[in-house]
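Student: Residue numbers (this note's numbering), protein chains in the order written: chain A, 1322 to 1550; chain B, 1322 to 1550; chain C, 1322 to 1550; chain D, 1322 to 1550; chain E, 1322 to 1550; chain F, 1322 to 1550.
It should be emphasised that the hints constitute simulated quantities derived from the structure, not laboratory data. Every value quoted in this text rests on a predicted model; they were computed, and no experiment measured them. All residues carry an ideal CB built from backbone N, CA and C; glycine is no exception. Heads up, a few of these hints could be off.
To be verified - Label-pair restraints from in silico Cβ distances:
hint: 1; chain 1: B; residue 1: Pro-1388; chain 2: C; residue 2: Gln-1327; range: 55 to 61 Å
hint: 2; chain 1: B; residue 1: Arg-1369; chain 2: C; residue 2: Glu-1361; range: 44 to 50 Å
hint: 3; chain 1: E; residue 1: Gln-1544; chain 2: D; residue 2: Glu-1361; range: 53 to 59 Å
hint: 4; chain 1: B; residue 1: Arg-1369; chain 2: E; residue 2: Gly-1486; range: 19 to 25 Å
Claimed, not checked - Below, computed lysine to aspartate or glutamate pairings styled on EDC-like, alpha-carbon distance capped at 20 Å:
hint: 5; chain 1: E; residue 1: Lys-1391; chain 2: D; residue 2: Glu-1362
hint: 6; chain 1: A; residue 1: Lys-1399; chain 2: F; residue 2: Asp-1392
hint: 7; chain 1: D; residue 1: Lys-1397; chain 2: E; residue 2: Glu-1361
hint: 8; chain 1: D; residue 1: Lys-1524; chain 2: C; residue 2: Asp-1511
hint: 9; chain 1: B; residue 1: Lys-1524; chain 2: A; residue 2: Asp-1493
hint: 10; chain 1: D; residue 1: Lys-1396; chain 2: E; residue 2: Glu-1361
Protein chains: 6
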Amino acid sequence: MKKANQLRKIEIIRDYTQYAAGSVLIKWGNTWVLCTASVEEKVPPFLRDTGRGWVTAEYSMLPSCTPQRKDRDIKKLKMDARSTEIQRLIGRALRASIDMAKLGERQITVDCDVLQADGGTRCASITGGMVAIELAVQRLLKNKVISENPIVHRVAAVSVGVCDGVPTLDLDYVHDSSAEVDLNVIMTDDGKFVELQGCAEHKPFGDEHLMAMISLAKKGLKQIFKLTR
Amino acid sequence: MKKANQLRKIEIIRDYTQYAAGSVLIKWGNTWVLCTASVEEKVPPFLRDTGRGWVTAEYSMLPSCTPQRKDRDIKKLKMDARSTEIQRLIGRALRASIDMAKLGERQITVDCDVLQADGGTRCASITGGMVAIELAVQRLLKNKVISENPIVHRVAAVSVGVCDGVPTLDLDYVHDSSAEVDLNVIMTDDGKFVELQGCAEHKPFGDEHLMAMISLAKKGLKQIFKLTR
Amino acid sequence: MKKANQLRKIEIIRDYTQYAAGSVLIKWGNTWVLCTASVEEKVPPFLRDTGRGWVTAEYSMLPSCTPQRKDRDIKKLKMDARSTEIQRLIGRALRASIDMAKLGERQITVDCDVLQADGGTRCASITGGMVAIELAVQRLLKNKVISENPIVHRVAAVSVGVCDGVPTLDLDYVHDSSAEVDLNVIMTDDGKFVELQGCAEHKPFGDEHLMAMISLAKKGLKQIFKLTR
Amino acid sequence: MKKANQLRKIEIIRDYTQYAAGSVLIKWGNTWVLCTASVEEKVPPFLRDTGRGWVTAEYSMLPSCTPQRKDRDIKKLKMDARSTEIQRLIGRALRASIDMAKLGERQITVDCDVLQADGGTRCASITGGMVAIELAVQRLLKNKVISENPIVHRVAAVSVGVCDGVPTLDLDYVHDSSAEVDLNVIMTDDGKFVELQGCAEHKPFGDEHLMAMISLAKKGLKQIFKLTR
Amino acid sequence: MKKANQLRKIEIIRDYTQYAAGSVLIKWGNTWVLCTASVEEKVPPFLRDTGRGWVTAEYSMLPSCTPQRKDRDIKKLKMDARSTEIQRLIGRALRASIDMAKLGERQITVDCDVLQADGGTRCASITGGMVAIELAVQRLLKNKVISENPIVHRVAAVSVGVCDGVPTLDLDYVHDSSAEVDLNVIMTDDGKFVELQGCAEHKPFGDEHLMAMISLAKKGLKQIFKLTR
Amino acid sequence: MKKANQLRKIEIIRDYTQYAAGSVLIKWGNTWVLCTASVEEKVPPFLRDTGRGWVTAEYSMLPSCTPQRKDRDIKKLKMDARSTEIQRLIGRALRASIDMAKLGERQITVDCDVLQADGGTRCASITGGMVAIELAVQRLLKNKVISENPIVHRVAAVSVGVCDGVPTLDLDYVHDSSAEVDLNVIMTDDGKFVELQGCAEHKPFGDEHLMAMISLAKKGLKQIFKLTR
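Okay, chain A solo, but in the shape it has when bound (with noise of 0.2 Å):
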């Protein structure tokens, strides 16, 4: 069992399907997200002719990714409103990765399907999004359709909790139920936040666990950008 200063054990495998610009699996201890980066010469309504570009996620669980078999969004006709929220995080992020200008009138949209879920997957569909939009990039620019490399940082994401009194890093499923507080810290690889999200609902917490928390996911980043790279 890994300790609470510990992150899990996890793997990047880019290239994973072949259709989608960029494509990458993230096995993050049992967390498996296939994340997507597929590139369409279009742009939402606001920007177009502003030739700025755009970057958009999608956030979905596989009915069969938890142990407890999960009905399709569709068969309610209605969004899941964790996904929801999920998605508009991960897109928010993975936007302030990327200088528009430089992307030009295009849009990524980032597909983060959850092919198994053990508790971080809003954190592994980051990570494993901002690996999948630099395949993508790579790609645009090899075909010459961009020339200069539009990425101005890369973001990672990692939880961080209060368990039993005790910060700790990269909540699995388990400690993520019973985790008093749970923080979502989102920073680009030259230290900056780029998104903190944080609940206390079972209760609430003093500057002390804040600090603590933070200095966690700091660290647990250092790790976790080294092998993005």
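Given the coordinates of chain A, assemble chains B, C, D, E and F onto it according to the supplied hints.
Tutor: Structure of chains B, C, D, E and F alone, referenced to chain A:
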């Protein structure tokens, strides 16, 4: 015009409408949100026969609340994604204020309908929603539906950001749109964090800005808790 | 308590919110409806390139506007059938007030959001919506978007019914639920009919009751037109 | 061509299809509606354990019933708003014919499917739907499901209007589109009003036109009740 | 009662309704389907500017077409899955009859609305739909919208099955429900296969039964093509 | 390149993911489908209290499984029509393999999620789905949830077609798109037919081609059953 370390003018009209158990119109600058708390003697399936209650929130913008009219969700048959994210945040924040065993097997639904939007609607909704819950709880106590006050601490929220490099309290729409960083801080009245949600889509930020923003938020929340008492 | 031939107290607050072209809060007894008129420079497909404008209405009840909380339409993915019927009535009534050629190729959308419901919400919506249109038209004239006033006559509405055999003006919720007959009368300020919609689900009625109800409605509408002028 | 005070030719084919309890094809000029009455041993939740029954109606136009093909509702995932309004009218009208205590705790659903539309489909639906209910009730009596006839009076409907200033009975599509006023009159076979629904979107009307239209409608309905007996 | 190698009685009423370009009521035993062919001067996006046309089909059961009333699709907001499968089959079958270049850039939509269902509705729809297309094509030729007949061969369909070990032609509902195998055979009038769709959910079958069923189907289709000529 | 009478390379990875009762990744050339079998202790309403079980299938393509990204169903709020048709086929085919009385009152849901699509996804889904069911059944037997193996025979599927006049086994996407005929053959391991679904949208076919295709399919299925044993 207000200074970077000041709050906008906040007015809280209690018992605004008469049919909900708790009803509050919060006017936070030009942001007006009608927050009502309705009590129903039923809980979601996962809580049945547990003796525990639930608090949930719904957030919606009236079509004419912004300068550009917005179509209703029902016209598109889709819950707005931003509203989904916001109402999940409001729900988590308000749940943190309640001891569910003391509430007993009933549900409080807090409806936050935005009559006019000028930035900070999610913070106004949480702050106003807390007051609506308090009014509803008073009614439950008075009618002897419950015997003990289930409110363990009161919560409130404020947004802080970095505008042109300056940490700024309580962003209105113009500030929010141009801010480099936007952080929503939700705390209890005894100074603990309930949720942090901050995003730097435009410019990642460092530790000093994080510290400065949190400090401003704490200061603002102290004033807000005076108003809601 | 009001007499059978009296109106409830009606208060009309103009310019209630600030972003819509016209905004009115109408408080008709305990029925409160926020009526806003928004102007958009587009028309439905069947009117494109005709030089003619359009007026449409949307009607919705806030979840907490009645003693028993009502789910939002989006939760059921269906526009409420009663709301559909009502907003079609409001739209037809308000369109009758406008010369569409003078309005020009633009659309006025009147949103009627019920903050509190105690019977007569459709009549309050039509009456308040007319005032919101007038405010919007004044703004269009002042901004020289249009050069001639397109309002050909003003409309207003009132409900009448038969309660325990007695023709009764302006039914509140308790009366409406128990009335044998319920007739909504929409007229112009020069005393012509725009729409009649009456239903005797519980007890069919004869000519005398029809005449008595119409006479009462005319009397009530005269008073209402004084208020809305 | 028919005169202004005449009805179109109306043909009522009973027992048209064989699976519904009551089935009627009504051919009213070129307007053809298949009206079926199905009986189910269940009632809406608000009537459970009351011993009382319910009558409801559904109205739908087949895609090819008009010269211009109309998309099916399911394609747009939305119940057509005009159909919603019409089926609520049909339901109210038909409910007025039944003593719900005598019907007992069961529901009659009247489906009105328009095979061909040339104006007056809602009146044809109510008139044909009443006959379908009568057939269904006869079957219930014959099978001894109920012991007493729950039909308290029979209802029928006809449209009247004002065309070029002339009060006109039974408007077909061409007349309906150009009429200044369009009034649907639903009455019982003993000459009482069940519902009036009239609209003067194009030209408000005075008392004399109202009286003239009602008088024409009464005359037409007398003839119709002869046909449906 | 019909023998295992006989067809039910089939009646084809041409020009049943008047607004669609082609309209056919096919009564195949107790299965009645209204098949209409509507022509629109537009094609799906993938065919724009190709000079080629398209044929598509929609299939729907009226609520009262079966002994047990069926809810409309719009009530569940979902296209019925069985109807989806059937209308795709009808569309493929009918497309096989048309030379899309001769049809030109226009679409024929064949609506198959089942008024009464007693087994074999998909075969009745294909067979009746073909006749409706022929009527529509005659009208297009007569109106000189097209100059050459685009029908390359006529198609028809029949079901065959194995009931209690006996290969059987033209299954009605009772037979269909109990058949071990159910095979729909769609052929051209010159004896070629267009589609085979057979299922042995209850008892897998061997080559001999396949051959016997195909032979029966060919015999039946010869008779059907005589009727549709 | 493979010959017309050869299969593509097929690889079956058992126990690919860990939470479903049975999980198989089938790689059939460049077509990859994740097939999982989940067991739930409930059955559809029509089977309650019958002691019989049910098998159902869901089929979905991941957005990035094809060279051109495909929108998710939930974005359009509609189940894809082709997917609906395919999952009904998969369900029927797999149900044919099971003795529902031996399965007992529980449901196996087979989810077929296409990670990469290069033709033949429905055949890969049936073939892989059968293996997933076998794994799930082994687990049920091992855990003594059931006492007897409910699998009566194993099923598998392969596509055959006619390409440029040549009967061809196992069509990939390029062949499938250009084939004159496309026939899916589903058989049991003892050589009986479970379902035939063949379509000649482009060129109707005669008996010889039917026989040649069936013969090829039988040969291919023999090889496939060796792989799945």
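Student: Taking the hints in turn, state whether each one holds.
Tutor: Results of checking the hints against the structure:
no. : hint                                : in the structure
1   : B:Pro-1388 / C:Gln-1327: 55 to 61 Å : violated (40 Å)
2   : B:Arg-1369 / C:Glu-1361: 44 to 50 Å : holds (47 Å)
3   : E:Gln-1544 / D:Glu-1361: 53 to 59 Å : violated (40 Å)
4   : B:Arg-1369 / E:Gly-1486: 19 to 25 Å : violated (52 Å)
5   : E:Lys-1391 / D:Glu-1362             : holds (14 Å)
6   : A:Lys-1399 / F:Asp-1392             : holds (15 Å)
7   : D:Lys-1397 / E:Glu-1361             : holds (18 Å)
8   : D:Lys-1524 / C:Asp-1511             : holds (12 Å)
9   : B:Lys-1524 / A:Asp-1493             : violated (30 Å)
10  : D:Lys-1396 / E:Glu-1361             : holds (17 Å)
Comparing the model with each numbered hint stated earlier shows that hints 1, 3, 4 and 9 do not hold.
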